[in-house]
Amino acid sequence: MLAHMRISLVINAASGSAGAVPPETIRERLAASGLRIACEPDPGLPLRQRLERAAREPGIGALVVAGGDGTVACAASVLCGSETPLGRLPLGLLPLGTMNLLAKDLGPPLDLDGAVAAIGSGVVRRIDVGAVNGEVFLINSVLGMPARLAHHREAQRGRPSLAGLARWTLGLVRHLGRYPRLSVTARIDGQERRLRVRALAVVNNDYREAPGQILVRASLDGGSLTLYVLPRLSPWRLLRVGLALALALGDWRGLPGVERRAVADLTLSAPRRALRVMNDGEARLLASPLRYRILRRALLVMIPPGPEETGQREPP
Numbered sequence: 001m002l003a004h005m006r007i008s009l010v011i012n013a014a015s016g017s018a019g020a021v022p023p024e025t026i027r028e029r030l031a032a033s034g035l036r037i038a039c040e041p042d043p044g045l046p047l048r049q050r051l052e053r054a055a056r057e058p059g060i061g062a063l064v065v066a067g068g069d070g071t072v073a074c075a076a077s078v079l080c081g082s083e084t085p086l087g088r089l090p091l092g093l094l095p096l097g098t099m100n101l102l103a104k105d106l107g108p109p110l111d112l113d114g115a116v117a118a119i120g121s122g123v124v125r126r127i128d129v130g131a132v133n134g135e136v137f138l139i140n141s142v143l144g145m146p147a148r149l150a151h152h153r154e155a156q157r158g159r160p161s162l163a164g165l166a167r168w169t170l171g172l173v174r175h176l177g178r179y180p181r182l183s184v185t186a187r188i189d190g191q192e193r194r195l196r197v198r199a200l201a202v203v204n205n206d207y208r209e210a211p212g213q214i215l216v217r218a219s220l221d222g223g224s225l226t227l228y229v230l231p232r233l234s235p236w237r238l239l240r241v242g243l244a245l246a247l248a249l250g251d252w253r254g255l256p257g258v259e260r261r262a263v264a265d266l267t268l269s270a271p272r273r274a275l276r277v278m279n280d281g282e283a284r285l286l287a288s289p290l291r292y293r294i295l296r297r298a299l300l301v302m303i304p305p306g307p308e309e310t311g312q313r314e315p316p
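Per the UniProt record's numbering, the very first residue in the sequence shown carries number 1; after that it's consecutive.
Be a bit skeptical, because a hint or two may be false.
As the list claims (entries may be wrong) - If you anchor each label on the Cβ, the simulated ranges turn out as follows:
(1) ARG293 <-> GLY114: 54 to 64 Å
(2) ARG232 <-> ARG291: 40 to 50 Å
(3) THR25 <-> ARG296: 36 to 46 Å
Said to hold, decoys possible - Using 20 Å as the maximum straight-line C-alpha spacing, the simulated EDC-like pairs for lysine to aspartate or glutamate come out as follows:
(4) LYS104 <-> ASP221
(5) LYS104 <-> GLU209
(6) LYS104 <-> GLU282
Hints in this document: simulated from the structure, not taken from any laboratory. Model, not experiment: these values are computed from the prediction. Glycine included, every Cβ here is placed at the ideal spot set by N, Cα and C.
The task is simple: from the sequences and hints, build the whole structure.
Right, dumping it as structure tokens:
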């Protein structure tokens with residue numbers, strides 16, 4: 001049992017539905033479960049600085065974040081793979097984002113009370129983390145059309161108006177209709193290939209087929225990356241069958257013409273100086289070439305106890 005443990009808490013009120021839950025409510029639920037909250041960093045600081053300060057709070061047993069997948073990925077980049085005490089600090093999730101993909105993989109309840117209870121009574125597990133040019137991702141890293149759409153979405157965020165919606169829709173149609181195929185040179189397990197793609201994704205381990213669900217992974221510690229390559233797809237087919245969301249998320253198993261393979265070593269290069277990449281839904285520019293690798297069991301996460309592991313805690 002981890003109840004009565006002292007934790008650091010970071011709430012990202014700008015993430016998904018986190019803003020709909022008052023921070024006071026989150027703190028009250030944690031305290032009611034017996035968890036003691038350390039002094040929280042200044043909420044006016046950038047998210048990464050808040051996470052770094054929270055993780056370095058003396059005498060804590062876990063870093064707990066309330067937010068979505070981007071918040072969780074940022075926390076993982078602070079904690080994972082470190083040889084300092086930060087690398088031995090578990091991450092607890094209060095999944096208050098839009099998709100909560102890692103939380104669904106790990107299996108904690110997605111409601112606030114259930115997630116708090118899981119932190120107080122859970123066990124600690126090590127999971128793999130993907131990395132590209134030093135930036136970590138927990139689910140996937142996507143290039144091509146989806147990354148362009150994500151960048152377009154970010155540019156319109158924070159402007160909820162009819163005019164903003166019209167701009168977003170027109171921009172979406174423009175990107176779907178005119179976005180050229182991306183040309184990259186891929187070095188895959190020592191062999192070089194030229195690729196021209198509409199989209200490409202690198203997944204931390206791989207997805208599995210789960211009826212009624214998307215983006216459910218078969219393993220979180222399998223130690224492999226999976227490459228998905230989508231050479232072409234008509235934008236009109238994309239709109240007609242409603243695949244824009246699936247593309248943006250990287251769940252491509254059922255799409256026609258998709259190449260899928262496990263990779264151990266992957267480098268992507270292009271003539272341009274930087275490539276737009278979407279890591280766990282967050283778009284950014286990274287310098288070419290992109291060097292991908294898997295960080296085996298680099299992150300400690302808190303999960304609900306299963307029937308066979310109740311009361312157990314994995315040693316750091």
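Hints, one by one, checked against the model:
1. For ARG293 and GLY114, the Cβ-Cβ distance of about 34 Å falls outside the hinted range of 54 to 64 Å, so the restraint is violated.
2. For the hinted restraint 40 to 50 Å between ARG232 and ARG291, the CB-CB distance of approximately 26 Å leaves it violated.
3. For THR25 and ARG296, the Cβ-Cβ distance of about 37 Å falls inside the hinted range of 36 to 46 Å, so the restraint holds.
4. Note on LYS104 and ASP221: the hinted pairing holds, with a Cα-Cα distance of about 15 Å set against a maximum of 20 Å.
5. Between LYS104 and GLU209, the direct Cα distance comes to roughly 14 Å. Compliance with the 20 Å bound is thereby established for this hinted pair.
6. A hinted pair counts as satisfied when its Cα atoms are at most 20 Å apart, and LYS104 with GLU282 qualifies at roughly 19 Å.
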